[in-house]
Amino acid sequence: MSRRTPRLFATALAAGVLLLGGCAEKTSTDTPAAGGSGGAFPATVGKLTLEKRPEKIVSLSPTSTEMLFAIGAGKQVTAVDDQSNYPAEAPRTDLSGYQPNAEAVASRNPDLVVISDNLNKIADQLVALKIPVLQIPAAATLDDTYRQLTDLGTLTGHRSEADAVVQKMKDDITALTKDLPKRTEKPTYYHELGPELYSATSKTFIGTIYALAGLENIADASDADGKNGGYPQLSQEVIVKANPDFVFLSDTKCCKQSADTVKARSGWSGITAVKNNQIVELDDDIASRWGPRVVELLKVIVDATAKVPA
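Here the UniProt record's numbering is used: the first residue of the sequence shown is 1, the next is one more, and so on.
Don't read these hints as lab results, they were simulated from the structure.
Everything hinted at is true.
Derived pair list, reagent style SDA-like, types lysine to any residue, alpha-carbon separation capped at 25 angstroms: (1) Lys178 - Gly207; (2) Lys182 - Val295; (3) Lys253 - Gln236; (4) Lys263 - Asn276; (5) Lys307 - Thr252; (6) Lys307 - Gly214; (7) Lys203 - Lys227; (8) Lys56 - Thr44; (9) Lys253 - Val295; (10) Lys130 - Tyr98; (11) Lys263 - Glu237; (12) Lys170 - Gly207; (13) Lys275 - Leu197; (14) Lys178 - Asp144; (15) Lys227 - Gly207; (16) Lys263 - Val240; (17) Lys178 - Leu298; (18) Lys253 - Gln233; (19) Lys168 - Thr141; (20) Lys170 - Pro87; (21) Lys47 - Asp111; (22) Lys241 - Asn276; (23) Lys56 - Pro42; (24) Lys263 - Ser235; (25) Lys75 - Lys130; (26) Lys170 - Arg293; (27) Lys130 - Pro42; (28) Lys307 - Thr272; (29) Lys227 - Glu237; (30) Lys168 - Glu89; (31) Lys275 - Gly214; (32) Lys307 - Ala264; (33) Lys203 - Val280; (34) Lys256 - Val274; (35) Lys203 - Asp225.
Here are the in silico distance ranges between beta carbons for each label pair: (36) Asp172 - Lys263: 30 to 40 angstroms; (37) Lys182 - Asn85: 33 to 43 angstroms; (38) Asp94 - Ser269: 37 to 47 angstroms; (39) Gly39 - Lys241: 54 to 64 angstroms.
Computed from a predicted model, the values in this text were never measured in an experiment.
Even for Gly, the Cβ is constructed at its ideal location relative to N, Cα and C.
All chains, full assembly: derive it from the sequences and hints.
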């Protein structure tokens with residue numbers, strides 16, 4: 001994934017919920033999946049109905065691409081956006097999810113387009129061309145992720161496989177969290193989105209993953225009123241004063257941040273995370289997506305923090 005600015009990252013994760021198809025009305029993905037157990041068609045999710053299984057799917061969302069391949073619909077995906085770098089076999093193109101072009105998408109002759117954000121009113125344009133569009137917005141909770149997987153399973157004819165992916169995620173998360181150390185005080189952490197010191201609070205999707213690991217977020221106080229949408233920009237002074245036990249870096253690929261660059265920051269040498277070598281380098285892509293690989297992210301967090309005595 002190429003680097004997005006923290007503001008764009010926050011905007012993307014706070015995107016509104018839309019679900020469009022054909023000339024259907026806008027509707028929320030909060031509507032339970034229906035109309036397609038297994039591979040039954042017609043298949044319906046919300047107000048979007050597909051009469052037959054889509055065989056030319058275009059995904060303009062890296063997370064949706066990961067979900068489609070995870071549930072076994074990869075062979076039906078004929079094109080993905082330029083940021084969809086996982087799995088390796090995804091048919092990556094120069095299509096953009098940030099500056100989507102309806103003509104470029106339509107030229108692929110898709111029978112289903114999956115997007116994350118309705119940027120440039122891409123959904124409206126494609127609907128006008130009679131191309132079904134499903135918006136899979138940024139998840140706020142794991143339940144959102146589970147629902148999105150089953151929705152995609154329903155519309156692609158892979159509902160049973162999607163259900164299996166969801167169940168495995170739940171089982172894996174339970175296994176990772178059932179034996180967490182019993183602590184009198186929660187370890188604190190700082191999650192870094194970029195070297196500009198943008199972070200994410202406990203009210204964001206990424207924040208809920210850390211909460212599963214029993215950690216306390218130092219960024220919460222910087223967005224107590226929610227005006228920053230859960231993605232405040234912290235200051236050096238705030239971070240140093242909060243003295244987090246752990247620093248998690250999700251800007252290792254994009255911005256070349258590492259344990260060494262953090263240790264070299266002026267004024268950071270006294271932070272507990274620095275003194276105790278508790279700086280964790282994350283995979284930027286995994287840390288910024290809400291698909292099945294969130295289990296891998298949780299495992300990294302749990303493994304890193306479990307080494308600290310209760």
